[in-house]
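So the protein sequences, as listed, match chains A and X.
44 is the number of the first residue of the first sequence in this note's numbering; add one for each residue after it.
17 is the number of the first residue of the second sequence in this note's numbering; add one for each residue after it.
These are computed hints drawn from the structure, not numbers from a lab.
Errors might be hidden in some of the hints.
No farther apart than 25 Å at their CA atoms in a straight line, the calculated lysine to aspartate or glutamate pairs in the DMTMM-like style are these [said to hold, decoys possible]:
id : chain 1 : residue 1 : chain 2 : residue 2
1  : A       : K150      : X       : E79
2  : X       : K60       : X       : E34
3  : A       : K113      : X       : E34
4  : X       : K29       : A       : E173
5  : A       : K150      : A       : E182
Here are a few chain X residues that sit away from chain A, every Cβ distance over 12 Å (derived from the structure) [stated by the list, open to error]:
id : residue
6  : K21
7  : F63
8  : K73
Examples of chain A residues toward chain X, derived with CB under 10 Å [claimed, not checked]:
id : residue
9  : D73
10 : V93
11 : L95
12 : Q99
13 : V105
14 : I111
15 : I114
16 : D134
17 : A140
18 : V143
19 : R145
20 : I206
21 : K212
Positions of the beta carbon are idealized from the N, C-alpha and C atoms, including for glycine.
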Amino acid sequence: MRNDEVISLINPYKDKLYRFALSILHNVYDAEDVMQELLVRIWKKRDEFVELENKQAWCMTVTRNLAIDKIRKNKKTQNNLDISECYNVSDSNATPAELVVRNDEMKKLVKMIDELSENQKTVIHLRDIEGYSYKEISELAGLTLDQVKINLHRGRQALKDKILNNLRKTK
Amino acid sequence: MSDSKYFKDLLEKYWNCETSVEEEYQLKQYYQNGQVDSEMVPFKSFFTSLDDLSNIKMEKPLESLMPRSTVKSLNVRSWVYAAAAFLALGFIATWMINPALLGKSSMVEVKDPQEALAITKEALSIFSNTVNTGSETVEISVSHIENINLLK
Chain A
44 MRNDEVISLI NPYKDKLYRF ALSILHNVYD AEDVMQELLV RIWKKRDEFV ELENKQAWCM
104 TVTRNLAIDK IRKNKKTQNN LDISECYNVS DSNATPAELV VRNDEMKKLV KMIDELSENQ
164 KTVIHLRDIE GYSYKEISEL AGLTLDQVKI NLHRGRQALK DKILNNLRKT K
Chain X
17 MSDSKYFKDL LEKYWNCETS VEEEYQLKQY YQNGQVDSEM VPFKSFFTSL DDLSNIKMEK
77 PLESLMPRST VKSLNVRSWV YAAAAFLALG FIATWMINPA LLGKSSMVEV KDPQEALAIT
137 KEALSIFSNT VNTGSETVEI SVSHIENINL LK
């Protein structure tokens, strides 16, 4: 199997994988490293990978594991959370002023999500950002359906409380 | 107003995790496009930001992240193996055709003129014997051909 054939297999969901890595690492370079390591994994196991029924699920699981490993190896990534250069809205229809506001709001949300537990973060990301079903999330995150629902409910409630608290503070 | 009521209910269902993926998409679209009801405004930036987050794309193409070094090293290694095999075959072939090329030269220098003359004579006699044999064979063959012509 050639390089371009490996790439064509994961190209359709490369952005999902990248966003998943970025949601865990909050660092563009680390997320790209994870993507590269994922490609190496696929290249090494290319014969098995071609036979896989759910390539996307396999890639998501490997991406998550690689990103968590990277956090463990490089603890400063989490301690010095600086997302200012990681998240930028790309909307050609928005005015520069709108982009500034939306970038700011997006970064606030990322910080709020980051304060949730690991499972809550994963489930919120997979459901509210990627739009997966509960069953798919259960497979991707290695959780039972009940755990998915509980983590999603608690995560959303926590986010709702934070939003309302922030609103009260500004008033 | 019915729209507003529908989306208020949808928002309540959303926080209680009772919405489907499709209904959550509708909610995001409502916040993106429509006039948002005043009661629902506090969550506008939340849904807009979720949508913005879902539109983040990897800027670098996957090709640039492909581990070229691994592939390259495999190619270099295979080329080295091929070159080594080619050299080995060449060595064996040369040795089989003319072992003298790989070992010491078989030429011997003779300093005594008498001895050199004797060796040369011997070599010439071998050569002339061979040449004579060749001409005899040709003569026999020609006579055979002539006989065949006579029969005709």
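Do the hints match the structure? See the list:
Pair hint K150 (chain A) plus E79 (chain X) does not hold up; C-alpha atoms about 29 Å apart against a cutoff of 25 Å. The suggested pairing of K60 (chain X) with E34 (chain X) holds, with an alpha-carbon distance near 20 Å, which does not exceed 25 Å. Pair hint K113 (chain A) plus E34 (chain X) does not hold up; C-alpha atoms about 35 Å apart against a cutoff of 25 Å. Our distance criterion of 25 Å between C-alpha atoms is met by K29 (chain X) and E173 (chain A), whose separation comes to about 19 Å.
For the given pair, K150 (chain A) sits about 28 Å from E182 (chain A) by alpha-carbon distance, which is inconsistent with the 25 Å threshold. With a minimum CB-CB distance of about 20 Å to chain A, K21 (chain X) clears the 12 Å threshold, and the non-interface call stands. Some Cβ of chain A comes within 12 Å of the Cβ of F63 (chain X); the nearest lies about 9 Å off, and the non-interface call is violated. Not every C-beta of chain A lies more than 12 Å from that of K73 (chain X), the closest at about 5 Å, which undercuts listing it as non-interface.
Given hint, D73 (chain A) at the interface with chain X, is violated; its Cβ is 13 Å from that chain's nearest Cβ, farther than 10 Å. A distance limit of 10 Å between C-beta atoms decides the matter here; for V93 (chain A) the minimum to chain X is near 17 Å, and the interface restraint is violated. Interface hint at L95 (chain A): violated, since its Cβ lies 18 Å from the closest Cβ of chain X, which is beyond the 10 Å cut-off. Of the supplied interface hints, the one on Q99 (chain A) is violated, with its beta-carbon coming no nearer than about 15 Å to a beta-carbon of chain X, more than 10 Å.
Taken as an interface hint, V105 (chain A) does not check out: its beta carbon lies about 15 Å from the nearest beta carbon of chain X, beyond 10 Å. Because the closest C-beta pair between I111 (chain A) and chain X is about 19 Å apart, greater than 10 Å, the hint is violated. Because the smallest distance between the Cβ of I114 (chain A) and any Cβ of chain X comes to about 19 Å, over 10 Å, the interface hint for this residue is violated. Checking D134 (chain A) against chain X: minimum C-beta separation of about 8 Å stays under 10 Å; hint holds.
The closest approach between the C-beta of A140 (chain A) and any C-beta of chain X is roughly 15 Å, which is over the 10 Å cut-off, so the hint fails. About 13 Å separates the beta-carbon of V143 (chain A) from the nearest beta-carbon of chain X, more than 10 Å, and the hint is not met. Taking 10 Å as the C-beta contact cut-off toward chain X, the hint placing R145 (chain A) at the interface holds, the least distance being around 6 Å. Residue-level restraint check for I206 (chain A) holds (minimum Cβ-Cβ distance to chain X is 6 Å; threshold 10 Å).
A hinted interface residue such as K212 (chain A) counts as satisfied when its beta carbon comes closer than 10 Å to some beta carbon of chain X; here the least separation is about 12 Å, so the hint is violated.
Checked against the numbered hints given earlier, the structure breaks hints 1, 3, 5, 7, 8, 9, 10, 11, 12, 13, 14, 15, 17, 18 and 21 and satisfies all the rest.
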